[in-house]
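Since the structure of chain A is already known, use the hints to place chain B on it.
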Amino acid sequence: MLDLLARYTPNLLDYSDEFIKSIGETLQMLLFSGIYSFIVGLFIGTLLVVTRKGNILENTFIHQVIDKLVNLFRSIPFVILITALIPLTKIIVGTFIGVKGAIFPLVVGCTPFFIRQVDMALSDIDYGLIEAAQSMGISPIGIIFRVYLKESIPALARSVTITSISLLGLTAMGGAVGGGGLGSFVVRYGHNRFYQDITYVSVIVILILVSIMQCIGNFIIKKTSH
Amino acid sequence: MIQLIDVSKTFTSDNITIDAVKDVNFNIEKSEIFGVIGYSGAGKSTLVRCINLLERPSKGQVLIDGVDLIQLKEKDLRVYRQKIGMIFQQFNLLASRTVFENVAFPLRYQGLGKKQIEEKVMYLLELVGITDKADAYPSKLSGGQKQRVAIARALANDPGILLCDEATSALDPQTTQSILKLLKEVNKKLGITIIIITHEMSVIKEICNRVAVMENGCIVELNDVISIFSNPQAQITKDFINTTSNLSHIDELIKEKSSIVNLENGQSLCRLDFYGSNTADPIISYISRKFNVTASIIFGNVEVISETVLGSLVVILSGLMENQQQVLEYLNDNNIRVEVIKNA
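Line order of the protein sequences matches chains A and B.
Following this note's numbering, the numbering of the first sequence begins with 1 at its first residue and continues without gaps.
Following this note's numbering, the numbering of the second sequence begins with 1 at its first residue and continues without gaps.
This is chain A alone, in the form it adopts within the complex (with noise of 0.2 Å):
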């Protein structure tokens, strides 16, 4: 087995070690990001759904400025994004470099897509819905949890899911510009030194990460879907 990794993939075996520990801060970023941007990303994407005209809180300047933020952070691409947070970065978390640095240009970036996924599921819900419980005297509080959440779990899980692979790819992109991970370990190695095996390799586990969460995914989908 070794034999034929040395043959295969003599560079990575050179520098497994870091190769492990690059997984891992992909792991991290994934996962801490992840986590901020979906609580960011649901509230203010509820938010700007029950804001909208005629909905239960109907709130015009609310839903505007949610609105015209998510379409301009969401047109800026992520490296120049990531390059001009550096400063706001550094304030925050008192860091630009590494995994550390790296998660809260990823909330940045990542959240506003994850608001406009939040906008089509919950739109998507019946406004029928709505009024039914409305007619039952149910407060937009309830509304908003019991009926506009509850009702579309399946929609949000892929939701999740779709934001979560595009969530890994920004943080191999903000890997490239120093903030470690799977992305920064295949620009060192596979791109400067052109270690191809090393390249390759990261992209099997890649594939791997993304079919992971597709399946994940599409079981919480299946489950939740009635």
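None of these hints come from the bench; they were simulated from the model.
Note that CB positions come from ideal geometry on N, CA and C, so glycine has one too.
Honestly, I wouldn't trust all of these hints.
What the hints assert, rightly or not - Okay, derived cross-link-like pairs now, EDC-like style, lysine to aspartate or glutamate, Cα gap no bigger than 16 Å in a straight line: (1) A:Lys-150 to B:Glu-101; (2) B:Lys-342 to B:Glu-256; (3) A:Lys-53 to B:Glu-55.
Claimed, not checked - Label-pair restraints from in silico Cβ distances: (4) A:Gln-64 to B:Ser-142: 40 to 48 Å; (5) A:Leu-207 to B:Tyr-109: 44 to 52 Å; (6) A:Asp-126 to B:Tyr-109: 18 to 26 Å; (7) A:Thr-95 to B:Thr-10: 56 to 64 Å; (8) B:Lys-83 to A:Cys-215: 43 to 51 Å; (9) A:Ser-211 to B:Gly-41: 51 to 59 Å; (10) B:Arg-56 to A:Ile-153: 25 to 33 Å; (11) B:Gln-71 to A:Ser-211: 56 to 64 Å; (12) B:Asp-135 to A:Ser-211: 31 to 39 Å.
Said to hold, decoys possible - Reference excerpt, derived from the structure (chain B facing chain A, CB under 7 Å, subset only): (13) Arg-78; (14) Arg-81; (15) Gln-82; (16) Met-86; (17) Phe-88; (18) Gln-90; (19) Asn-92; (20) Leu-94; (21) Ala-95; (22) Ser-96; (23) Pro-106; (24) Tyr-137; (25) Ser-139.
Below, chain B without anything else, positioned relative to chain A:
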């Protein structure tokens, strides 16, 4: 009691204003089944939504037992809304919850224990006859079953009023009948006031005590169902009634010059409308004996509405002209409306 006073609702979009509901006034008594009929776009759905303020009227008052809902704060309004159940054309069941959970849905925050909720839900499911589906998800139910669940859910908070917004319009005729029967039972058993929005006269005929006919946002006619059917005033009301009987065919037959309505000399084609205690048979045999005028029946339509017989006959009278005249007078005196459609 529900009182609507000068209720209007105006929608504005892109500088175009639409008067969906215009100056509507009516009272609905407790335990009454009140129908609102109109073509789509007449404003009847908007009107019923004005009763629980899902649509806020642009002006007017909505009084429930004397309390103007429009003046209430959001929070107090929600308490009132719990006492006004509502069912919809598209059922609006929560797909992620079972039948049981759907019915239990409005019961949260009512201070009931788990056991009490369970008892209440099972009671309601039994009332609507669907206990065996308690653990099924709505996607597994037929339209009629879904509407039964929706009715159970709407009754969960013991409302005094039930609003039905085209509740049978998505159902086939048999299922419609069974749902209407259920609503009637609920009305009798619980004394709940029911307001039914529909575009089908047969629904009104089946279940309502009184009916309002709506056109272009206005109520053009409002009366008890017997009066509406026996003596409709507005053209639209007549059109609606024609949809439930085959008497309107006579006009087509005359237009087509069908042999059925060919008259010989000394014959006349008449329509007789009678209701209540008058029944057709003795009258027709009586006029033939007394006035020597025979009446041959071409069309007949007899309805039983709220246990009152309501009938119409199209007949050809033959006999001497003066005798026929006497017959017409005799019928008029006996509260039978006569319309001479065609003379030979």
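Tell me the numbers of any earlier hints that the structure contravenes, in ascending order.
none
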